[in-house]
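Novice: Residues per chain, in single letters:
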Amino acid sequence: MIQAEAIAAELLAQMQDAGAQRVAADILQPAETLLDLYGEDIRARAYVTHDPALGEMMLRPDFTVPVVQAHMKGGAEPARYCYAGPVFRKQDGRRAREYLQVGYEVFARDDPARADAEVFALFSRILDGKDLRPVTGDIGILKAAVAGLETSTERKSALMRHIWHPRRFRALLERMGGQGQLAEARAELVSNLRVARAEALIAEAGQMVGLRSADEIGARIATLLRDAETPPIPREQVQALERLLSLHAPARAALGTMRAQGWAALAPALAPALDRLEARLEALDAAGIDSGNLPFEASFGRTTMEYYDGFVFGFVSVRDDLPPVATGGRYDALTSVLGQGRAIPAVGGVIRPEILAELEGAL
Amino acid sequence: MSLKLGVPSKGRLMEKTFEWFAARGIALTRTGEAREYAGAVDGVDGVELVLLSASEIPRELAAGRIHLGVTGSDLVREDLADWAAQVVELAPMGFGHADLIVAVPKAWVDVENLDDLDAVAAAFRARHGFRLRIATKYHRLVRDYLRSHGVADYQLVDSQGATEGTVKNLTAEAIADITSTGETLRANHLKILRDPPVHCSQATLFAARAADWTQAPALTGLAEKLGLALPPERLGQMPLSDRR
Numbered sequence: 375m376i377q378a379e380a381i382a383a384e385l386l387a388q389m390q391d392a393g394a395q396r397v398a399a400d401i402l403q404p405a406e407t408l409l410d411l412y413g414e415d416i417r418a419r420a421y422v423t424h425d426p427a428l429g430e431m432m433l434r435p436d437f438t439v440p441v442v443q444a445h446m447k448g449g450a451e452p453a454r455y456c457y458a459g460p461v462f463r464k465q466d467g468r469r470a471r472e473y474l475q476v477g478y479e480v481f482a483r484d485d486p487a488r489a490d491a492e493v494f495a496l497f498s499r500i501l502d503g504k505d506l507r508p509v510t511g512d513i514g515i516l517k518a519a520v521a522g523l524e525t526s527t528e529r530k531s532a533l534m535r536h537i538w539h540p541r542r543f544r545a546l547l548e549r550m551g552g553q554g555q556l557a558e559a560r561a562e563l564v565s566n567l568r569v570a571r572a573e574a575l576i577a578e579a580g581q582m583v584g585l586r587s588a589d590e591i592g593a594r595i596a597t598l599l600r601d602a603e604t605p606p607i608p609r610e611q612v613q614a615l616e617r618l619l620s621l622h623a624p625a626r627a628a629l630g631t632m633r634a635q636g637w638a639a640l641a642p643a644l645a646p647a648l649d650r651l652e653a654r655l656e657a658l659d660a661a662g663i664d665s666g667n668l669p670f671e672a673s674f675g676r677t678t679m680e681y682y683d684g685f686v687f688g689f690v691s692v693r694d695d696l697p698p699v700a701t702g703g704r705y706d707a708l709t710s711v712l713g714q715g716r717a718i719p720a721v722g723g724v725i726r727p728e729i730l731a732e733l734e735g736a737l
Numbered sequence: 006m007s008l009k010l011g012v013p014s015k016g017r018l019m020e021k022t023f024e025w026f027a028a029r030g031i032a033l034t035r036t037g038e039a040r041e042y043a044g045a046v047d048g049v050d051g052v053e054l055v056l057l058s059a060s061e062i063p064r065e066l067a068a069g070r071i072h073l074g075v076t077g078s079d080l081v082r083e084d085l086a087d088w089a090a091q092v093v094e095l096a097p098m099g100f101g102h103a104d105l106i107v108a109v110p111k112a113w114v115d116v117e118n119l120d121d122l123d124a125v126a127a128a129f130r131a132r133h134g135f136r137l138r139i140a141t142k143y144h145r146l147v148r149d150y151l152r153s154h155g156v157a158d159y160q161l162v163d164s165q166g167a168t169e170g171t172v173k174n175l176t177a178e179a180i181a182d183i184t185s186t187g188e189t190l191r192a193n194h195l196k197i198l199r200d201p202p203v204h205c206s207q208a209t210l211f212a213a214r215a216a217d218w219t220q221a222p223a224l225t226g227l228a229e230k231l232g233l234a235l236p237p238e239r240l241g242q243m244p245l246s247d248r249r
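These protein sequences, in sequence, are chains A and B. Residue 481 in the working numbering sits at position 107 of the first sequence, and the numbers go up by one each step. Residue 202 in the working numbering sits at position 197 of the second sequence, and the numbers go up by one each step.
Just so you know, the hints here were simulated from the structure itself, not pulled from any lab data. Be aware that a few hints might be false.
Label-pair distances were calculated between CB atoms; the ranges are [as the list claims (entries may be wrong)]:
id	chain 1	residue 1	chain 2	residue 2	range
1	B	Arg64	A	Lys504	36 to 42 angstroms
2	B	Ala27	A	Val569	53 to 59 angstroms
3	B	Arg64	A	Asp659	55 to 61 angstroms
4	A	Ala717	B	Pro97	54 to 60 angstroms
5	B	Ala86	A	Ala634	30 to 36 angstroms
A quick note: this is a predicted structure, and the numbers were derived from the prediction, not measured. Quick reminder that beta carbons are idealized off the backbone N, C-alpha and C, glycines included.
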């Protein structure tokens, strides 16, 4: 613990040298409004308690949300912040419930590619020599690919909602492509629902109990019947998306692959997101990171914070029993949620000093 | 020192456990007065019977205060974090069967499986401004199950009894509970989702990794009688401090 605190102080000093202003955040944060922003995983793992005057409160599960909140209340632009302190998350088994995070966040309107590269290059520099493997990804490309599918808005928003849950995403994509068990189950359900009018079906099924009303059931039946008329997502698009999700390659090569002919089924939708990736790779090269050797995994970041919506990155140890040493990404949409309409592009990341300490102990 | 065997202290679970051991040549009996929780073991040496509430057995196993224990596989999975690191499943015993299932109102004619439940949860949240509530006392099992299936936009609400009534009482929209016949569900206008259950539970003989196995020589003789393939050296080498 003392070793981790010494590491944290050193990391923080390097972030301040890089021009960041140190900020603090309360350990006790309001839960009700903020918890949703983290997504399912963190929501289930936050320590929530009740305050007689303030209502539901939680022990902060990370710093990004409170830092964004503080910035949106009147920070200067552009701004660079750093912080260090404990965060709290419930765990099964032996993993730590309370651990330090040292973080760096950049709020800047101009040149998002350069801000992405700045954060990544800083992390790369201060973690140099620690025997870590960097990995990058881009949630923006996944979102663009889903937005580019030739299908209904309902289906697209169902897929968007589950970008963060790879297993359900895959199952939905298969069903919407008209394949597999779920497609069969859905076809059977729809044929049962066609037998009679919604009110008759509900009345026949048994006594109405619970808060979900006959209206709501009727509305979903209508949605299901409409969805049954929607043609399957074209096979080439499903395949292109599946190939995209499993893409692992050095970043330059990955960009080339995604631009190549084989991806034509998704090409028009992907183009702007791929242009952003290209600009980022150029900014990374300019910042001294060799994008020709930088690992890119299209699915990276899908099981972390649900507020990331662009560039994502991590630095992972070769020891697979340890969580990543560092993670981060771009979260433009979060600033607009917390700024009530005002938004500013933002990118940042955190380092876990205890994991570094454990790795050093093992050396 | 003797090997401590924890067994449910009353009811059908106790009787069935006694029968299971009797069929394997080990007579377990309650001794003393009817209200006194004391017991005797015949047919194998060095084993001490400890009568406990079935719900306390997972905790006693985890603490290593008993070497072996009989309880529902659902209770061990629910009550112990990372249960497989704390206990070893030695033998499913073939009784006390019950499934932990997710059930929704029968009137939800648009819902048959988790795929539907997930879609309904999203619509429910948009309409009502809060997450669809699932009442249960099996928080860990149900949370893991829904997470592994990628269901979102639900919340678990605690229900320690009469869970089937929570939907009618408007304190939950769906439930996750143990059922063996489904009678109570039907009586409360609920139906089970078609997906495989959260867990199929039965009475199971467990061994505690944290117990002191160096002082329990009776294990070999007991295992032989019960026809169990034991990993005793692994049990002995997994003291509490080394658990992952």
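Novice: Could you see if the CB distance from Arg64/B to Asp659/A stays within 55 to 61 angstroms?
Specialist: 58 angstroms, holds
Novice: Starting from the range 53 to 59 angstroms, see whether the pair Ala27/B and Val569/A falls in it by beta-carbon distance.
Specialist: 54 angstroms, holds
Novice: Using the beta carbons of Ala86/B and Ala634/A, state whether their distance is inside 30 to 36 angstroms or not.
Specialist: The hinted range 30 to 36 angstroms is violated for Ala86/B and Ala634/A, with Cβ atoms some 47 angstroms apart.
Novice: Against the range 54 to 60 angstroms, how does the distance between the Cβ atoms of Ala717/A and Pro97/B compare: consistent or not?
Specialist: Check passed, 56 angstroms falls within 54 to 60 angstroms.
Novice: A range of 36 to 42 angstroms was offered for this pair. Does it hold for the Cβ distance of Arg64/B and Lys504/A?
Specialist: Hint holds: Cβ distance 41 angstroms, inside 36 to 42 angstroms.
Checked against the numbered hints above, the structure violates only hint 5.
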